[in-house]
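Colleague: Protein chains in written order, with the UniProt record's numbering: chain A, 1 to 421; chain B, 1 to 296.
Since the hints were made in silico from the structure, they are not lab data. Among these hints, one or two may not hold up.
As the list claims (entries may be wrong) - Here are the computed lysine to aspartate or glutamate pairs in the DMTMM-like style, where the Cα-Cα straight-line distance is at most 25 Å: (1) A:K307 / B:E99; (2) A:K157 / A:D203; (3) A:K296 / B:E110; (4) A:K274 / B:E110; (5) A:K158 / A:D203; (6) A:K110 / A:E40; (7) A:K79 / A:D164; (8) A:K110 / B:E174; (9) A:K386 / B:E174; (10) B:K109 / B:E98; (11) A:K384 / B:E111; (12) A:K384 / B:E174; (13) A:K274 / B:E105; (14) A:K384 / B:E158; (15) B:K232 / A:D175; (16) A:K307 / B:E110; (17) A:K158 / A:E206; (18) A:K79 / B:E111; (19) A:K231 / A:E247; (20) A:K384 / B:D237; (21) A:K251 / B:E98; (22) A:K386 / B:D237; (23) A:K386 / B:D250; (24) A:K93 / B:E98.
Stated by the list, open to error - Not everything, but these chain B residues come out facing chain A in the computed CB check (under 8 Å): (25) C67; (26) S92; (27) A166.
Stated by the list, open to error - Simulated coverage check for chain A against chain B, where a stretch passes if three residues somewhere in it have a Cβ under 8 Å from a Cβ of chain B: (28) 128-136; (29) 152-165; (30) 215-225; (31) 233-240.
Ideal Cβ positions, reconstructed from N, Cα and C, are used throughout, including at glycine.
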Amino acid sequence: MNNGAGRRINGGVEEEDDEDDVNGDLDAWERTYTDERSWESLQEDESGMLRPIDNQALYHSQYRRRLRSLSSTAARIQKGLIRYLYIVIDLSKAASEMDFRPSRIAVIAKHVEAFIREFFYQNPLSQVGIVTIKDGVANCLTDIGGSPESHINALMKKLECSGDSSLQNALDLVDGYLNQIPSYGHREVLILYSALSTCDPGDIMETIQKCRKSKIRCSIIGLAAEMFICKHLCQETGGTYSVALDESHFKELILEHAPPPPAIAEFAVANLIKMGFPQRAAEGSISICSCHKEAKVGAGYTCPRCKARACELPTECSVCGLTLVSSPHLARSYHHLFPIAPFDEVPSSHLNDPIRKQKINCFGCQQNLLDSGNKAGLAVVCPKCKRYFCLDCDIYIHESLHNCPGCDSFRHSKAAPASED
Amino acid sequence: MASAPSKLYADDVSLVVVLLDTNPFFWSSSSLSFSQFLSHVLAFFNAILTLNQLNQVVVIATGYNSCDYIFDSASDLNRSFENGRMPVMSSSLLQKLEEFLIKDEQLSKEEPEGRIKSSLFLGSLSMALCYIQRVFRSGALHPHPRILCLQGSPDGPEQYVAIMNAIFSAQRSEVPIDSCYIGAQNSAFLQQASYITGGVHHKPQNLDGLFQYLMTIFATDLHSRSFIHLPKPVGVDFRASCFCHKNTIDMGYVCSVCLSIFCKHHKKCSTCGSVFGQAQSEAASASDKKRKTPET
Numbered sequence: 001m002n003n004g005a006g007r008r009i010n011g012g013v014e015e016e017d018d019e020d021d022v023n024g025d026l027d028a029w030e031r032t033y034t035d036e037r038s039w040e041s042l043q044e045d046e047s048g049m050l051r052p053i054d055n056q057a058l059y060h061s062q063y064r065r066r067l068r069s070l071s072s073t074a075a076r077i078q079k080g081l082i083r084y085l086y087i088v089i090d091l092s093k094a095a096s097e098m099d100f101r102p103s104r105i106a107v108i109a110k111h112v113e114a115f116i117r118e119f120f121y122q123n124p125l126s127q128v129g130i131v132t133i134k135d136g137v138a139n140c141l142t143d144i145g146g147s148p149e150s151h152i153n154a155l156m157k158k159l160e161c162s163g164d165s166s167l168q169n170a171l172d173l174v175d176g177y178l179n180q181i182p183s184y185g186h187r188e189v190l191i192l193y194s195a196l197s198t199c200d201p202g203d204i205m206e207t208i209q210k211c212r213k214s215k216i217r218c219s220i221i222g223l224a225a226e227m228f229i230c231k232h233l234c235q236e237t238g239g240t241y242s243v244a245l246d247e248s249h250f251k252e253l254i255l256e257h258a259p260p261p262p263a264i265a266e267f268a269v270a271n272l273i274k275m276g277f278p279q280r281a282a283e284g285s286i287s288i289c290s291c292h293k294e295a296k297v298g299a300g301y302t303c304p305r306c307k308a309r310a311c312e313l314p315t316e317c318s319v320c321g322l323t324l325v326s327s328p329h330l331a332r333s334y335h336h337l338f339p340i341a342p343f344d345e346v347p348s349s350h351l352n353d354p355i356r357k358q359k360i361n362c363f364g365c366q367q368n369l370l371d372s373g374n375k376a377g378l379a380v381v382c383p384k385c386k387r388y389f390c391l392d393c394d395i396y397i398h399e400s401l402h403n404c405p406g407c408d409s410f411r412h413s414k415a416a417p418a419s420e421d
Numbered sequence: 001m002a003s004a005p006s007k008l009y010a011d012d013v014s015l016v017v018v019l020l021d022t023n024p025f026f027w028s029s030s031s032l033s034f035s036q037f038l039s040h041v042l043a044f045f046n047a048i049l050t051l052n053q054l055n056q057v058v059v060i061a062t063g064y065n066s067c068d069y070i071f072d073s074a075s076d077l078n079r080s081f082e083n084g085r086m087p088v089m090s091s092s093l094l095q096k097l098e099e100f101l102i103k104d105e106q107l108s109k110e111e112p113e114g115r116i117k118s119s120l121f122l123g124s125l126s127m128a129l130c131y132i133q134r135v136f137r138s139g140a141l142h143p144h145p146r147i148l149c150l151q152g153s154p155d156g157p158e159q160y161v162a163i164m165n166a167i168f169s170a171q172r173s174e175v176p177i178d179s180c181y182i183g184a185q186n187s188a189f190l191q192q193a194s195y196i197t198g199g200v201h202h203k204p205q206n207l208d209g210l211f212q213y214l215m216t217i218f219a220t221d222l223h224s225r226s227f228i229h230l231p232k233p234v235g236v237d238f239r240a241s242c243f244c245h246k247n248t249i250d251m252g253y254v255c256s257v258c259l260s261i262f263c264k265h266h267k268k269c270s271t272c273g274s275v276f277g278q279a280q281s282e283a284a285s286a287s288d289k290k291r292k293t294p295e296t
């Protein structure tokens, strides 16, 4: 006891010594700024206006890290293009916590809406269903279907939270539904889990094995903290588990599930699916629409098998059940089959080579790469056509365009000559 | 600070990126000569630049072996309105075009006969989209961009997938692609591009009056298009072509792994090599019908 007291006093004395030596008589709030002074990194340009803090290099290195992790294995990984995804939303008491502003469930609802739109944009042939967990019971909110509006409308109406969360009930329900889908589809579940516990009627390990046998790929995004059972579930079924740190991180994590994941070949049997490619009806033709059950004039699509009218594509004909798509819907997924190689970084010494007298421009947007606005050394080069691109074009090309302008602009691809203008 | 610039950038300021077809194989067999075509087109560019002081025109030439930027009205060299001359006439556009054509010819190599002599439309479209992304990044005040394709060459079917990628990217960024097709047949790519992105497609009947078609249809800025009657898309054909025969089909079979389209049942997919489980396909389509629920 005496020793403890002695140590405490000594400790106190040492602390005071430290403070006196280093910080003098600074207040507590001032001490937090001794190491980090964020205002000093601001810069002014010639006219005295503040230049925005250069996050570009940071953003670009994040992007490249992500790209490398995605394409690290093989250049062409088979992806599951026809996906049947269930989104499980935890509406337990924990989802009404306010550590995410305004509340976890509000943030979840907003980003699930954006996710559903993005999902249908990237996977036009896939279908989504929503399941909620409330008071320990899992309920199916919307059946699996291909229309984004119906899911979003149903979700926005039912956002009250109460009770416990039950992972096993949700998995049992989803398993039951996903067993009914055709065998060529990839079965996936995305669970948005806010609770820190699960209240299960039986042995959840059995349910996990059942899901694994049914070949369902479960991924979880946690909003509270990492849980062993979630990690175990994702490892067993081949999904990904991540925990969101804040709202923007959550948005990033959920949108990562929109592009098709790498497919495990045995999970879905390859099949030929019969599909129809309807023609657009002529302007001014009148017919009874099969989805709204009323007469409509003009633009609509005629099913090639039974000649019923449908309002929009892609859809299933409500009379004969034929899947109706148009060729752009299929073409939207072709870039997954022919991905472009990531560009290599160019060392700054190479760009500042004194032999090059002429300006070097980014091949895509003609921006000068040696400008002070775009710091020298931040350029990339395509490994095939050897043309230089700026960072922004690099991100745009790989995330949205999926074509390299350099490779496409030269029929007989030759390496670029030394000078470019 | 904010109010003055917003008066300058009214809704009708536009940036037009023009993709000019310079494919020698097409122009050698066209009824309109290239020099007549250029005279129509240069007058059109000058007209766009006079519609609004802040309008901008960028020209990218689509050659047979290469593509390149030819003209940018926003660059300092081309800004002169001195002596009452129009900026495009007194600029280096014609000179650069000639240099481009010479370079393009030098890049040609021997090719097997029978291939469709299509231009590298894909390359110039990708470059145009990158340039437009740069304009979007330049801040809140920027002209409204659109792309105008002046094409005559036939479509190259090997470019289909990549052109669709570019079209979807343009649709995402809300950039309309207008197209004026001056060749003999129809171009399905241009029709689809204009339809998907919300642009205007037109094939002029009488090429001697090309300038009039350009001025009345393609010169309007995006804001004014809601008040003007423009040619509507008639009969855009979205039917797919089967991968085996290239025929257009309205019902076919799609491989679930790689989404290739076939007109008949096959045992194996020719694109991805997956073997189809035939017993499951009948059961799958039957359960498909049972599982389907009404969408309302």
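Colleague: Look at each hint and say if it fits the structure.
Modeller: The hints, checked one at a time:
Distance restraint check for A:K307 and B:E99: the Cα-Cα separation of roughly 56 Å exceeds the 25 Å cut-off, and the hinted pair is therefore not satisfied. Distance restraint check for A:K157 and A:D203: the Cα-Cα separation of roughly 33 Å exceeds the 25 Å cut-off, and the hinted pair is therefore not satisfied. Pair hint A:K296 plus B:E110 does not hold up; C-alpha atoms about 56 Å apart against a cutoff of 25 Å. Between A:K274 and B:E110 the CA atoms are separated by roughly 42 Å; this puts the pair beyond 25 Å, and the hint is violated.
At most 25 Å may separate the alpha-carbon atoms for a hinted pair to count; A:K158 and A:D203 exceed this at roughly 29 Å. Taken as a hint, the A:K110 and A:E40 pair is broken in the structure, with Cα atoms around 36 Å apart against an allowance of 25 Å. Note on A:K79 and A:D164: the hinted pairing is violated, with a Cα-Cα distance of about 36 Å set against a maximum of 25 Å. Only pairs whose Cα atoms come within 25 Å are accepted, and A:K110 paired with B:E174 is accepted, the gap being roughly 23 Å.
A C-alpha spacing of about 30 Å is found between A:K386 and B:E174, which places the hinted pair above 25 Å, so the restraint is violated. Restraint check: the Cα-Cα separation between B:K109 and B:E98 comes to about 20 Å, which is no more than 25 Å; the hinted pair holds. This hinted pair checks out: A:K384 and B:E111 have alpha carbons roughly 21 Å apart, not beyond 25 Å. Annotation: proposed proximity of A:K384 to B:E174 is violated, straight-line Cα distance about 30 Å (limit 25 Å).
For the given pair, A:K274 sits about 47 Å from B:E105 by alpha-carbon distance, which is inconsistent with the 25 Å threshold. A distance of roughly 19 Å separates the Cα atoms of A:K384 and B:E158; the hinted pair therefore holds under the 25 Å criterion. For the suggested pair B:K232 and A:D175, the alpha carbons sit about 48 Å apart, so the restraint of at most 25 Å is broken. With a C-alpha separation of about 50 Å, the suggested pair A:K307 and B:E110 falls outside the 25 Å cut-off, and the hint is violated.
At roughly 31 Å between alpha-carbon atoms, A:K158 and A:E206 are farther apart than 25 Å, so this suggested pair is violated. Taking the CA atoms of A:K79 and B:E111, the gap is near 36 Å; set against the 25 Å cutoff, the hint is violated. Straight-line distance between C-alpha atoms of A:K231 and A:E247 comes to about 21 Å, which keeps the hinted pair within the 25 Å bound. Restraint check: the Cα-Cα separation between A:K384 and B:D237 comes to about 35 Å, which exceeds 25 Å; the hinted pair is violated.
In summary, the hint linking A:K251 to B:E98 is not supported, as the alpha carbons are separated by about 50 Å, beyond the 25 Å threshold. Of the pairs offered as hints, the one joining A:K386 and B:D237 is violated, with about 38 Å between alpha carbons and a cut-off of 25 Å exceeded. Restraint check for A:K386 and B:D250: not satisfied, since their Cα atoms lie roughly 42 Å apart, outside the 25 Å limit. Among the hinted pairs, A:K93 with B:E98 is inconsistent with the structure: their alpha-carbon atoms are about 72 Å apart, more than 25 Å.
Given the 8 Å rule on beta carbons, the hint for B:C67 holds: about 4 Å separates it from the nearest Cβ of chain A. Taken as an interface hint, B:S92 does not check out: its beta carbon lies about 12 Å from the nearest beta carbon of chain A, beyond 8 Å. Below 8 Å, beta-carbon pairs count as interface contacts, and B:A166 has one with chain A at about 6 Å; its hint therefore holds. A stretch counts as covered by a chain when three or more of its residues have a beta carbon under 8 Å from one of that chain; for the stretch 128-136 of chain A and chain B the count is 0, and the coverage is violated.
For the stretch 152-165 of chain A, the stated coverage by chain B is violated: 0 residues have a C-beta nearer than 8 Å to a C-beta of that chain, whereas at least 3 were required. Counting residues of the stretch 215-225 of chain A whose beta carbon lies closer than 8 Å to any beta carbon of chain B gives 0, which falls short of the minimum of three for the stated coverage. Residue count for the stretch 233-240 of chain A with a Cβ under 8 Å from a Cβ of chain B: 0. That is fewer than the three needed, and the coverage hint is violated.
Hint violations for this structure: numbers 1, 2, 3, 4, 5, 6, 7, 9, 12, 13, 15, 16, 17, 18, 20, 21, 22, 23, 24, 26, 28, 29, 30 and 31, all remaining hints satisfied.
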